[in-house]
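**Q** Protein chains in written order, with the working numbering: chain E, 1 to 110; chain D, 1 to 122; chain C, 1 to 162; chain Z, 1 to 933; chain H, 1 to 89; chain U, 1 to 505.
One should not assume that every hint holds.
[What the hints assert, rightly or not] Quick list of in silico lysine-lysine cross-link-like pairs, BS3-like style, CA-CA up to 27 Å:
#, chain 1, residue 1, chain 2, residue 2
1, C, Lys58, C, Lys130
2, C, Lys155, C, Lys58
3, Z, Lys319, Z, Lys201
4, C, Lys130, C, Lys155
5, Z, Lys153, U, Lys367
6, Z, Lys108, Z, Lys540
7, Z, Lys540, Z, Lys153
8, Z, Lys108, Z, Lys153
9, Z, Lys540, U, Lys367
10, C, Lys130, E, Lys98
11, U, Lys367, Z, Lys108
12, Z, Lys153, Z, Lys101
13, H, Lys26, E, Lys98
14, U, Lys367, Z, Lys101
[Claimed, not checked] Stretch-level coverage of chain H by chain Z, calculated; a stretch enters the list once three of its residues show a Cβ under 8 Å from a Cβ in chain Z:
#, region
15, 26 to 40
16, 44 to 51
17, 66 to 76
18, 80 to 89
Just so you know, these hints were derived from the structure itself, not from any lab. Glycine included, C-beta positions come from ideal geometry on N, C-alpha and C.
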Amino acid sequence: MSLISEYLVSALLLLGGAFTLIGALGLLRLPDFYTRLHAPTKATTLGVGAIMLSSVIYFSNHDQQLGFSETLITVFLFLTAPVSANILAKAAMHIGVKPVRGTRGRPWEQ
Amino acid sequence: MELMFALVIGTLTATGVYLLLRARTFPVVVGLTLLSYGVNLFLFSTGRLVTGQQPIIGSAEHYTDPLPQALVLTAIVIGFAMTAFVVVLSLRSLADHDDDHVDGRRDEPPLREIDETEANGQ
Amino acid sequence: MLDRLTFPQPWLSVLLFTTWQFLSNGVSGASVVMGLVLAWLIPQITSGFWPERPVFVKAWRVPAYLLRLVQDIIVASFSVARLILSPRPPRPVFVAYPLSLEHPLAITILASTISLTPGTVSADVSDDQKTLLVHTLDADSAQEVIDAIHNRYEKPLMEMFQ
Amino acid sequence: MSLPLVVFLPFLGALAAPLFALGGRTAIAIASSVPALIALAVLFPFWETLANGDVVVQSYEWLPTLGLSFSFRLDGLSLLFALLILLIGLLVILYSRYYLKSHENVGKFYALLLCFMGSMLGIVMASNLLLMMIFWELTSLTSFLLISFWTHKQGARRGARMALAVTGGGGLALLAGILIIGNIVGSFELDAVLAAGDQIKAHAMYPVALTLVLLGAFTKSAQFPFHFWLPHAMEAPTPISAYLHSATMVKAGVFLLARLYPALAGTEMWFYMVSFTGMATLLLGAYVAMLKHDLKGLLAYSTVSNLGLITLLFGMGTKLAAIAALFHVINHATFKASLFMAAGIVDHETGTRDMRRINGLWRYMPHTATLAMVAASSMAGVPLLNGFLSKEMFFAESLALNLPGLWGWLPPIVAILAGIFAVAYSARFVHDVFFNGKPVDLPIYPPHEPPRYMKIPVEILVFACIMVGVFPTISVGPLIYAAASATLGEAVPDYELAVFHGFNLPLMMSLIAFFGGLLMYSQRQRFFDFHARFREIDEKAVFEAVVARCVNLANRFTGKIESGSLQRYAMLLVVAVIAMAFLPLTNLGLYIGASGLTPVDWPTAIAAGTLIVSAIITAVMHRERFFALVMLSVVGLVVSLGFARFSAPDLAMTQLSVEVVTIVLLMLALYYMPSWTPLETTTPRRIRDIAIALTAGIGMTLVTLAMLTRPFSSISSFFLEHSKPHGGGTNVVNVILVDFRGFDTLGEISVLAIAALGIYAMLKNTALTPPSGDGQGHPWTRDAHPMMLAQIARPMLPLALMVSVYIFLRGHNMPGGGFIAGLITSVALILQYIASGMVWTEERISFRYHNVIGLGLLFATVCGAGSLVFGYPFLTSTFGHITWPVVGEFEVASAMVFDLGVYLTVIGATLLALVSIGRLSPHSAIKSKKEPV
Amino acid sequence: MMTAALYITIGMVTLAAVLNVCRLIKGPDAPDRVLALDTLYVNAIALIILLGLVLGTRLYLEAALLIAVMGFVGTVAMGKYLKRGSVIE
Amino acid sequence: MNDWLLAPILIPLLGAIVQAFMGYAPISLRRTLALATTVLILVSAIVLLILANDGSYRIYAFGNWQPPFGIVLVLDRLAALMLVVTAVLGLLSHIYAVGGADEGNRQFHGLFLFQLMGLNIAFLTGDLFNLFVAFEVLLIASYGLLMHGGGTARTVPGLHYVVLNLVGSAIFLISVGMIYSVTGTLNMADLALAVRGLSGADLEIVRAGGLMLLVVFGLKAAILPLCFWLPKAYAKATAPVAALFAVMTKVGTYAILRVYLLVFGDNAGPLANLGMDWLFPLALITLAMGVIGALGAGSLKNLVAWQVIISVGTLLAPVALGSEAGLSAALFYLLSTTFTVGGLFLVSDLVSSQRGSAADRIITAPKMRNRTFLSVLFLVGAVAAAGIPPLSGFFGKILILQSVQSGAEMGWLWSVLLIGSFLTVIAYSRAGSIVFWRTVDGHLERPARLNGRVSASAGALIALTVTLVVLAGPITRYTDATAAQLHNTAAYTAILQIPMVAEGN
Ligand code: NA
Ligand code: NA
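In isolation and in its complexed conformation, chain E is listed as follows:
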């Protein structure tokens, strides 16, 4: 494996790990459900995406074979994350989860 790809893989891994962790932190730290909804849809998804990419690069180098399965997973995650978020937001609004004080606008009645 070339040094460049090793650097790339390492960097992507660390980036992915960091984003995953940040996503989790966000989920833990943000004040209400609606704000927490942002963390996994973006940070975590991207984090996994980065890790996938590192895997693609690693195995393309290692097995001399282009590994695209990971890409599929990433695309799938990106496609579905908004829908999950949507469904959960609707569920939260249905249950009447209160937004944090200071939120402008109101959630919809379901």
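With chain E's structure known, arrange chains D, C, Z, H and U with the ligands on it following the hints.
**A** Relative to the frame of chain E, chains D, C, Z, H and U with the ligands by itself:
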């Protein structure tokens, strides 16, 4: 590693058994599911714990025992079928007795001591 | 018999064919043949499950849109990350976004885009599909959000789905 | 073959009886007498042989393992009884013809009567103790059915059950006794048993065997304290009472004493048990007989008393006493049968048996009265009648008995007392019924003589009483001799069946008894008054009460134990396992075995910790059901990660897919269920459960630890070796599933299919009311099918199908396979149901899931059976490599077809199950307000 | 170097998973829990990929794909349950 | 390798598949095909019985894999006997069901055939894990059958039955795991060999596994304290299902016979006769409990259900003692009790159909229709069940009594069995006299006519008890030979050497 794995199986068994002994169908089903997780892990581990020795010829130098894996696969599927059945049966019991008690009873006044525990707890 | 040899959902067939090549880890004779067979066969079976045919009028605009999306996702993630890590509390807003798009798929794509990009999540689509409820993590005003969405995403989408 | 014929002819007759019943009472009576007549004809030629004291045995093999054979024996003893059974049986058959009313079920009556006759013949002629046992219990059974012949009478039913309980129970004791005897002797054949008397008596088990055998004999012969069933058996039609409960069946007990006399008698134990029982019975029966106002009751207790007399005679253990006993068997049978028949006539003609109402019948039926009076005189022991003779012998024997000290007085006194009572109740029978003023308000008035033929049997019996009484030697002498020699099994001592033995002590006793009896009868009112001071015990009521109490107790006990509480049953099961596995596990000593522990890595440890915490929270928070469900998902997820971590990619995938489907299933169910579990177990109960759960958990932990740290070798190297070259796949797990152990998989998919079909069937007509809102009281959202979800679900199905194909095809070589592929397809379809609803999705599915299941199983089976064509066993796989242009070389394995079967079954079963639940939802039938987009 | 990065990443992702479990347990509302579970699924995907990298094998990738699919369907079903009660109607 | 071994499994499987496809087929066609399948099962079972009667072991190696690597079916006398018992009972119950009990849902015949398949696999398999699979097949089918016929009465007993058996399956897997983790094999013959050389901790793990397995089999066999689920479940089941279930507890007994005689038999070294010291007292207590239950039963079906418990105790006591004579006796009794109990369930159902709303409860009611016919059937069944001469139950019992001739066991077994018989007689006579004789004036609310086919099958099942008596000689010769074969484990383990079908055949 083995101790940790054993603790996991022990926990699954204990929680599964505890829920199995509850009075409502739902926790019983959940308990059975936990128990079957424990059992499946146990059966799986009879081939011992190894890393990266997946029994795919050509993928590793040594291979773990594939037989327990095949057995667990069968057990998982059968367990799924059984769980599905028991879930539906508990629905049927609910429909027949209008109560989800495992003994099908309905509107039995809760025990007095329970009211007290409830009160103490809150 | 021969009339069955068509691709009822050509876009889907393309998607499937591509996916198969991804799954097969590399293009080969076998993967192409199999990909073709599946790209034909599967839509035959599932066509009923996708009754509304999306009509991309300007397909060539798709890559550009996707590129912008990827770029925004990365940016979005960094900005959300910063927000998560900073001690400053977020300033969330619920924004009712008036939709111009009509096609359900188009609305879905817009809503998904919104969810994936900076500080916004599509929380709901109104029953009449005219309004989108967007939750914004950190914004100065609602109008700012509406404008950003409209200019950056809805316009290109409207062009594609005309 | 002739002896078995004697026994089995009546049974054949019984089978035919219902047919003849169609021809009326006369036809069936004639038909029923045929077997008895033939039997007599068969027995007749044997007389010469038997008279010489010889024995005829005819034996056929039946169940050698058991020592049971069809062996029949004819000797003097069995002949005596067989003749009694057949002759009195014939008379009863004739008598019953007139006794029964035309509307009664005569078919059943005669059939049972013949069954009884056959069984009784079986008892007396069986030469194998087990065979005898069979007939013994058969008589209990037929007696039960005959007593309860008038099933509408409560008394009859109860009397019958009581008789069955006592005699049947005694029969079981007898069985045990016989088995012990058989074990001592090594054979159940009578020859062997009778020859082994010394061996038996010397054996340590003799007391047990004797007690058990006597229990059988005493219950059957209504000996004290088992006598109480007999009077209540009198609820039977009178011919039955005459036949079973005086002349024959109750004699089975004394027959047994006679039969086993050489084997068991002659010990002190025998003497005390038999003679004292006999004495008690003799007195008790006589005493109570005096008190009965019921005609048949009097006769019944008199029978008890007479049976006691016979038993006492056998118990005395002297040869002469045994001979007297045999003689009295004949005498009692004749006079008692005739008395019963006479009583039956009285009952028949007056409609009652209450002696307080029946008076002065002499005027209405002098003929019957005369017969009854002769028979009663015989019962009382009046000279020139047969009863006198055997009683005289009894008195003599009672005097001959040498008991130590003052005890020596006991037998003669008892004998005299019994004699006094016998005279008294006989006098009462005669005087109370035929004289003593006028009848009191009889149901049938005026009574008159019965039909001619109804009296004939009585006449014959009374004639016999007189004949034997006057010419004992000529009439029954040879028979008694033959019987005595058979009973005693050795030389018969000198004895004399004379009418008059001179003025001696026995005659004195007879005289005392006679006049004492008359005196007692004259003072009967005092006697009744005396007795009235004691509380009357109604044995039937007591029996019923005891049975009812037992039933009640049993019911309550059962209710307590079989409480219908699943919690208790499950607890018992878990505790049983713990108890069974506990000891071996404590013996383990060191739990950490030879291979020791391997180091832990942090991520795995954290994952394990997560799992443990999640599982515990699932258990602790189970009352918040949805929360528990989410935690359960975490557990499932970590378990599948664990599979991946420890080298099981296939398992990881399967576990994951199954888990999600399970969660969906649970949510489908949870919709209808309360979202909260009420707190309803007490704290001690919870502590108990926690203790049990912890014990189970600790046990499993220790077992796992012990197991994981020990080296082992398995058969699996074979699979690893042969998977590729002979199974055609590199994924060994998959090759095991579809090839090495393909049969397991066939069973597994069958389970899946059956479960789905069962679920479908179970939910077919189930109606559940869904809650209108969630647990917090929020009404459900209007939006059933969110737009975004529906839109994303559209491409999911074709993509998932493609992924399924991919996973399926690689399964033989890489992780994957039919099962996982099937679950992916299923989940994609489920997503369609979730996203767009039942109606929408079903419209687009053109096949029934049943057929998919069927097809799947069919593929798997047919693929398996394919190899049969080539002479290989079921499920033998084959594979080959094919090269096509462009495509290149690829592998085709027959196992793939099998896997396709798995794939289809999984889809069909999963969806059928889930959709069946979904169909319960009211929305599935009516189109929802908002059509899916 | 890659090995170090790999293990650091694994540590981070594991930590992330633990934090998610914390949120999951904490709630406070059901949607929070489902959101945390959904995120946990994504973390699991990452962990599987990382496991593949550690072992140098691609055999576990399909498991990751499966988690993605199953996680999505699971989340959707739970979401639908929360707001609509009947998952399939 | 003999393909006939496959027949009792493949025939019901194919029959059930056909049923799965016939959702919309007319009921007459489905019935005909289903019955034809059951008849074929019986034929194949009889063929196997004839084959097995020569005393040799026949194996069928699935996939042509040499045991212990592949799964084998093993045919011996015991297996053949169980197959025939099941097939006969199955056919007669099936005929009864076709009389109308199969209506209500279309899955009945499929489930019924699957049930037979599961039973047959259990009797034939020579592999411990495959035995688990067989158990699951027959259990899941029995769950479905148990719930057949609607009504709310059977839901809760059904739920209990299912949940307990699910726990049982979990325990089964744990024990299989424990045994495999030491021996590394699943084939029973191979296990028998592997177990002999064990020592130390290995031994204790296998011992614990073996004892847990006994709990599982005990649960299936319904031995105390694991039997309480049974009476209600059986009593509430549709009659032909309950009749078929008469063989379900025998599967547990069969498994105990098979596994404990082969693997933990006399040759098993330190593990010899594992658990049998537990089994014997438990069997007697079970017997006693069954008798008490029967005595307190409130309905005929309940009474018969308790009779099942009685038979379990009666059957397992001699099995626990393990002598050849005892095993032979137990097998004879097994034949008798299976048919008798099955027949009694059917008769109780017929009675129930003739008594209006009183159904089969042991209470006074208006006179039933067809009283004579039904009372004769009941009488014969009760006599056979209670073990009174001259019917087969009696022979079973004396064979059992005879098999124990000394020691404390004799005292216990004899007393419990005989006193139990006595109380059973009281229970049956009480129930029979109330149900058949204690009638009140009045009319039945639901007059129904007895269906010939239904009555005939009930009668035939009851009549089998007479047949058993007539054929007692040959039957005991067979059971003696079976018991001897069971004790000769060396012959069983020799199946490992049977060659497979050669390549290129
Ligand atoms: Na966004
Ligand atoms: Na009078």
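**Q** Which hints from the list above does the structure break, by number from lowest to highest?
**A** Structure breaks no hint.
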